[in-house]
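Undergrad: Please model the entire structure based on the sequences and the hints provided.
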Amino acid sequence: MQTSDPPSHNEQGIIQTWLQCLWTAPVFAGSESKTRAAALLNAILLGIVGIALIFVLVTLIKFHNLLVLPIFGVLLAAWIGTRLWMRRGHIRSAALAFLIFLWAGLTFLAVISGGVNSPYFICYTSVILMAGLLLGGQMALTFAAASTISGYGMYLGELQGRLPMMTLPVTPFRVWFTLSANFVVSSILLYLATRSTNQALDRVYRGERELAKKAAENQQLAQEAQEANEFKSRLIGRMSHELRTPLAAIYGLTEMLQYGAWGELSHAQRDTAQKILQHAQNLEILISELLQQSQFTASKIKLNIVSFTPQNLVDRAYASFEPLARNKDLSLTIAVAEDLPAMLHGDVIKIEQILSSLLSNAIKFTEAGGVTLRLYRTNSDHWAMSVSDTGIGMGQTAQARLFEPFRQGDESMTREYGGVGLGLALVKQLTTLMHGQVIVESEIGCGSTFTVTLPFEIHSERELADGLYDQLRRDQNPDLHLT
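Start counting the sequence shown at 256; every next residue gets the next number (the numbering used here).
Careful, some of the hints might be misleading.
EDC-like mimics (lysine to aspartate or glutamate), calculated; alpha carbons at most 20 Å apart, straight line [stated by the list, open to error]:
no.	residue 1	residue 2
1	619	712
2	557	479
3	468	457
4	583	622
5	530	577
6	619	698
7	468	485
8	557	607
By construction, these hints were calculated from the structure, which means they are not laboratory data.
TA: Written as structure tokens, this is what we have:
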């Protein structure tokens with residue numbers, strides 16, 4: 256006697272996978288809405304097949320009508336095809352194809368069982384509800400219009416005697432069963448629609464609560480960040496003032512050494528004293544930048560508008576930076592356009608500071624060639640200072656963060672060029688304070704050009720304290736929300 260081998264684990268796994276594909280809805284990790292739509296379509300498919308199976312069994316047992324078997328077979332094939340198409344991710348197209356098939360099947364059943372008088376005619380309402388639930392209101396209206404046209408066609412066919420003889424006779428029991436099934440399907444669909452709407456509303460409410468919680472947390476963090484930023488500014492201001500006292504002593508004592516207050520110095524000692532003075536000057540510049548940065552953050556910078564001549568401005572700049580350029584064998588070229596007015600108005604101290612930062616950077620980052628300073632008119636309302644060099648230049652990444660405080664193109668510990676990254680940040684802030692703008696054009700290895708454009712008329716009382724300081728602080732701290 257031969258016995259069959261029990262199914263292997265692989266066969267059991269395949270059977271289990273097929274059963275899972277037939278009865279469960281697919282899950283799409285990348286789309287919650289698609290997963291939700293697939294679950295809804297899966298519930299509708301299972302309900303329709305269940306009701307159809309009960310209808311087939313009742314018809315076979317009570318009426319012995321075998322016509323329902325091929326009809327149920329076609330429905331089962333459409334059900335399987337819809338599920339396979341749904342598992343591929345085509346939820347809407349699978350739902351539309353199944354609804355069209357279902358609508359056509361109901362039309363066929365209505366025609367062969369009495370037309371408009373058939374109990375299947377009312378089942379159009381279930382298809383319309385399914386279309387609205389799965390595909391939206393427009394598809395529901397489309398199926399409603401198609402059902403209306405189909406019913407009118409059956410009505411005309413019945414009047415003209417063109418409908419076929421009833422293959423499925425209408426009996427009170429069939430009417431009762433069909434209507435009851437339609438009521439059950441409609442109530443289930445309304446329940447699913449209500450539940451889906453309530454779930455969506457719950458998600459919205461949860462999202463609103465989470466957003467409100469996040470907004471409160473962000474507001475608290477913004478307030479803490481603002482307080483920390485103000486504390487940092489006050490600390491920098493106090494430290495800058497405290498550092499100026501010993502720095503002034505170093506300055507004065509070193510100059511007295513150079514002048515021979517305690518005896519004549521040797522050549523090496525004079526060179527050492529000069530280096531001390533140079534480092535003290537660099538430290539003084541750094542302290543001034545830190546102090547001014549803290550004043551910007553605390554909104555304590557004010558403009559002092561005076562009249563000055565462009566020629567005096569460039570003469571002072573040339574006198575200050577020509578020795579530095581000459582020490583590096585660089586040329587320093589100055590050009591003032593003839594159409595520039597003889598007198599300009601603005602805060603000349605801050606304009607000189609802008610010019611000094613640009614010229615200092617240009618000389619620092621240039622090893623061969625030269626630096627050019629140009630003053631010219633851009634239009635009837637603005638004039639510009641342009642500083643060009645033949646230095647190392649910079650890429651787009653460095654330009655994007657160029658004007659951020661304490662940021663440099665090379666931020667490694669082994670960088671070749673010194674500084675703390677405040678010079679250009681102050682250039683941007685001072686220019687913005689005077690209603691101007693800074694434009695940089697640069698390429699790696701091709702040098703850089705910084706252009707500062709300023710208006711001819713700058714008013715000290717131009718409501719700078721509020722709007723402009725907020726803008727400057729946002730430029731400095733993009734994540735800071737000011738209130």
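Undergrad: Indicate, hint by hint, whether the structure satisfies it.
TA: Consistency of the hints with the structure:
1. 619 / 712: violated (32 Å)
2. 557 / 479: violated (27 Å)
3. 468 / 457: Holds, at about 16 Å.
4. 583 / 622: The given pair, whose Cα atoms are some 7 Å apart, holds under the 20 Å limit.
5. 530 / 577: holds (19 Å)
6. 619 / 698: holds (17 Å)
7. 468 / 485: violated (26 Å)
8. 557 / 607: Distance of about 15 Å is within 20 Å: holds.
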